[in-house]
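Chemist: Protein sequences appear in the order of chains V and P.
Using this note's numbering, the first residue of the first sequence is number 1, and each one after it goes up by one.
Using this note's numbering, the first residue of the second sequence is number 1, and each one after it goes up by one.
Note that these hints are calculated values from the structure, not bench results.
Model, not experiment: these values are computed from the prediction.
C-beta atoms are modelled at their ideal positions from N, C-alpha and C, and glycine is treated no differently.
Misleading hints may appear alongside valid ones.
What the hints assert, rightly or not - In silico DSS-like cross-links for lysine-lysine, where the CA-CA straight-line distance does not exceed 30 Å:
| hint | chain 1 | residue 1 | chain 2 | residue 2 |
| --- | --- | --- | --- | --- |
| 1 | V | Lys187 | P | Lys54 |
| 2 | P | Lys165 | V | Lys219 |
| 3 | P | Lys78 | V | Lys52 |
| 4 | P | Lys78 | P | Lys194 |
| 5 | P | Lys165 | P | Lys78 |
| 6 | V | Lys219 | V | Lys308 |
| 7 | P | Lys54 | V | Lys52 |
| 8 | V | Lys187 | V | Lys52 |
| 9 | V | Lys219 | P | Lys78 |
| 10 | P | Lys68 | P | Lys78 |
To be verified - Some but not every residue of chain P turned toward chain V, in silico, with C-beta under 7 Å:
| hint | residue |
| --- | --- |
| 11 | Phe82 |
| 12 | Tyr228 |
| 13 | Asp266 |
| 14 | His269 |
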Amino acid sequence: MSGTGGNRGKHKIYLGYAAGVGKTYQMLDEANHMLRRGVDVVIGYFEPHGRKDTIARTAGLEIIPRRQITYRGATFEEMDTQAILLRRPQVCLVDELAHTNVPGSERTKRWEDVFVLLDAGIDVCSTINVQHLESLNDQIWQLTGVRVRETVPDWIVDEAAQVELVDATAGALLNRLERGAIYPPEKARQAMENFFTEQNLSALRDLALRHAAHEVEEKLPETPSPLSSESQAGHECILICLDEEPAAAILIRRGKRVADYLMGSCLALYVLPDLDWERLAPAEHEAVEKHLSFARNLRIETHVLEGKDIAQTIANFARSHDVTQIFMRRSAPKGWLRSFRSGNVHRVVRLTRDLEVTIVAERSPQTVAAFRN
Amino acid sequence: MPSESGRRPNPEELLRQLQVEEQRNRAGRLKIFLGYASRVGKSFRMYDEGRRRKMRGQDVVVASVQSKLTPDLLDLLKTLEFIPPIRVTLGEKAYEVLNVAAVLQRHPQVCFVDELAYDNPPGSRHSQRWQDVRELLDNGIDVVAAVNLQHIAEQQDGVARITGKRPAQTIPEEFVRTADEIVLVDVPPEELQKRDASAGADTRPLSELRELALLLTAEVVEGQLQSYLKSHGLEMRPGSQERILVCLTPRSNARRMLERGRRNADRFHCELLALYVRQKNLSSSDQAAIDSHLALARELGAEVHFLETGNPVTAIVEFARVHGVSQLFVGHSLPRGWRGFMSRNALDRLIRASQGMDVRIFPQPAGT
Chain V
1 MSGTGGNRGK HKIYLGYAAG VGKTYQMLDE ANHMLRRGVD VVIGYFEPHG RKDTIARTAG
61 LEIIPRRQIT YRGATFEEMD TQAILLRRPQ VCLVDELAHT NVPGSERTKR WEDVFVLLDA
121 GIDVCSTINV QHLESLNDQI WQLTGVRVRE TVPDWIVDEA AQVELVDATA GALLNRLERG
181 AIYPPEKARQ AMENFFTEQN LSALRDLALR HAAHEVEEKL PETPSPLSSE SQAGHECILI
241 CLDEEPAAAI LIRRGKRVAD YLMGSCLALY VLPDLDWERL APAEHEAVEK HLSFARNLRI
301 ETHVLEGKDI AQTIANFARS HDVTQIFMRR SAPKGWLRSF RSGNVHRVVR LTRDLEVTIV
361 AERSPQTVAA FRN
Chain P
1 MPSESGRRPN PEELLRQLQV EEQRNRAGRL KIFLGYASRV GKSFRMYDEG RRRKMRGQDV
61 VVASVQSKLT PDLLDLLKTL EFIPPIRVTL GEKAYEVLNV AAVLQRHPQV CFVDELAYDN
121 PPGSRHSQRW QDVRELLDNG IDVVAAVNLQ HIAEQQDGVA RITGKRPAQT IPEEFVRTAD
181 EIVLVDVPPE ELQKRDASAG ADTRPLSELR ELALLLTAEV VEGQLQSYLK SHGLEMRPGS
241 QERILVCLTP RSNARRMLER GRRNADRFHC ELLALYVRQK NLSSSDQAAI DSHLALAREL
301 GAEVHFLETG NPVTAIVEFA RVHGVSQLFV GHSLPRGWRG FMSRNALDRL IRASQGMDVR
361 IFPQPAGT
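Generate coordinates for the entire structure from the input sequences, incorporating the hints supplied.
Modeler: If you want it as structure tokens, here you go:
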């Protein structure tokens, strides 16, 4: 991770499963090693959270001062990307990759700032927790009841040169929390009542370990390319069928996740019913646009077709694009669209005899509650 | 490679799990730092924990260190009390045997042991170091120890396939699984190569070892979570783990469903289950078909279950829920397949009832 060598900087990600597992600690430890080897490393952004052991590890490392941004009368601090570019270190440390910048910043997300640094040939070390991966958002919600707001598209982690898992046991984490080593007492107490339970933490840790294993597999050298003859037969292509409901976002995340794990490709299709955009209510139109741009952000190729017969349009598209699996939602929408969308699952199944259709669950913690009683 | 991982427990495994739980009731607590290769930094992480525990007021000693100590490790070790091993020379070979008697006499709160896989010379108190550690645990001393994947006996076949090497000194995997805590010490292979020229230029073997270590740790964590849930009367919540259930019938496209299931299970590193809801009065050809489907399921490493019931939809959904299934594979009968298992109506009910899991519908072979 030292030296700028090629044109683009290398990205190394420290992957954890909760605040306090030691991602930043580990990153700083390595920065100190680099410093001793003579690497020009600086801290671009560091979130101390008042953790003494971690703060002690910043001693001797150069910190680029943060930039102050005023928003609605309050002052916020963000990473000063411009200052880092001017300073031009070999390696820059950036904490909390999933952070969303305050409005008025040049870029919306911190990972976009990281990309600016990488593009300028600066190596970046950053930290993230597994629950911030976009494709896991619904599963995390289902599991913990917490909807994680700050997410990053999975491809950012997939594309990183290196991913290092930072592991700690749930028990050790809870001890740290109790000792006040992670959050101040009041916040720690709240955390333990909600997110930081033994069950949640162990389940998240399991997810992080398995995701790290997945990343290792994905980054294996000499993986046969999807085009090689050996894997051609087994190549999966998932088609995500979008509709006008907000829940279609779940379909996009899940479809992408499954495609990634199967090392396949992924397409998204919206079929406009009745050939007429005018018939869509503004909210419906907006929802469709939102889904399409969300899919594109996750690097899914999107298509929009018009078709009176939605199922037939989907089936034709699937056949002409060598789709192997079609992802659809369970429920039909209400209102005028119902007549176009209900029964489509069956029709698609019938029209695409050689394909598989997956009805994606609407994962939510309420589902769990319903199971309980 | 991952096909051996993540099965649901069979009776033997259940027995083992019971043993695990018994073991966890030992007087002392065992914590293991697991690495996928040497030089990943296990010892450093371990002694750094020793330093921090000591700072928090715990009574810490070190009873075994590795033979090659880097300056970093030496600095850390200087801050900790050391109980020297017994040095034994037999012929050409020099041994360092953990001094169990001395540690027991000193009786610290926690004892740090590096190189857990170590064969003691003949005539020692125990033939292997992990047995020394077990005695310390039985006597109420907590132990923090470090070990590499290739020294775990049950992992050696997998490791040998990757590296062509099989280290002589081993510990039983059960000892790792019975640890109260396991921590994976991870580092990208490229870093290892930088640290150690002997690591070789090809990162592939290191990556494969790393994947094995990550998955073993995930399994141990999952096992611990399951015993925690059981002991607290809690149910596994969906969302954390993938689990695939293939529902078979005589006329289903079993090969395709099972092969896809196997592949998903491998890629998601999860368990594959197969379920057959028994149907009455099967024709002899249907009976033969289902028998061969079930044999294929077993061959592909699926855990096979049977249910006797009047209402397959309810039974399948309940079974899937209890087993934490996230992906349910079913066959769909095409219009003329009246003997097909999922009529449109039944499929609708299944989709509605199977909340929280994906339902993947496979077309059944034409003409059935």
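Chemist: Next, verify each hint and record whether it holds.
Modeler: A quick look at each hint next to the structure:
Proximity of Lys187 (chain V) to Lys54 (chain P) is assessed by CA-CA distance (about 27 Å); at most 30 Å being required, the pair is judged to hold. For the given pair, Lys165 (chain P) sits about 24 Å from Lys219 (chain V) by alpha-carbon distance, which is consistent with the 30 Å threshold. Only pairs whose Cα atoms come within 30 Å are accepted, and Lys78 (chain P) paired with Lys52 (chain V) is accepted, the gap being roughly 22 Å. Taken as a hint, the Lys78 (chain P) and Lys194 (chain P) pair is honoured in the structure, with Cα atoms around 26 Å apart against an allowance of 30 Å.
Of the supplied pair hints, the one linking Lys165 (chain P) and Lys78 (chain P) is violated, its CA atoms being roughly 35 Å apart against a limit of 30 Å. For the hint pairing Lys219 (chain V) with Lys308 (chain V), the CA-to-CA distance comes to about 44 Å; that exceeds 30 Å, so the pair is violated. Proximity of Lys54 (chain P) to Lys52 (chain V) is assessed by CA-CA distance (about 16 Å); at most 30 Å being required, the pair is judged to hold. In summary, the hint linking Lys187 (chain V) to Lys52 (chain V) is supported, as the alpha carbons are separated by about 17 Å, within the 30 Å threshold.
Only pairs whose Cα atoms come within 30 Å are accepted, and Lys219 (chain V) paired with Lys78 (chain P) is rejected, the gap being roughly 39 Å. Between Lys68 (chain P) and Lys78 (chain P), the direct Cα distance comes to roughly 15 Å. Compliance with the 30 Å bound is thereby established for this hinted pair. For Phe82 (chain P), the suggested interface contact is broken, since its CB lies about 24 Å from the closest CB of chain V, more than 7 Å. The beta carbon of Tyr228 (chain P) comes within 6 Å of a beta carbon in chain V, closer than 7 Å, and the hint placing it at the interface holds.
With 7 Å as the threshold, the beta carbon of Asp266 (chain P) stays out of range of chain V, its nearest partner Cβ sitting at about 10 Å, so the hint is violated. Nearest Cβ of chain V to the Cβ of His269 (chain P): about 5 Å, under the 7 Å cut. The hint holds.
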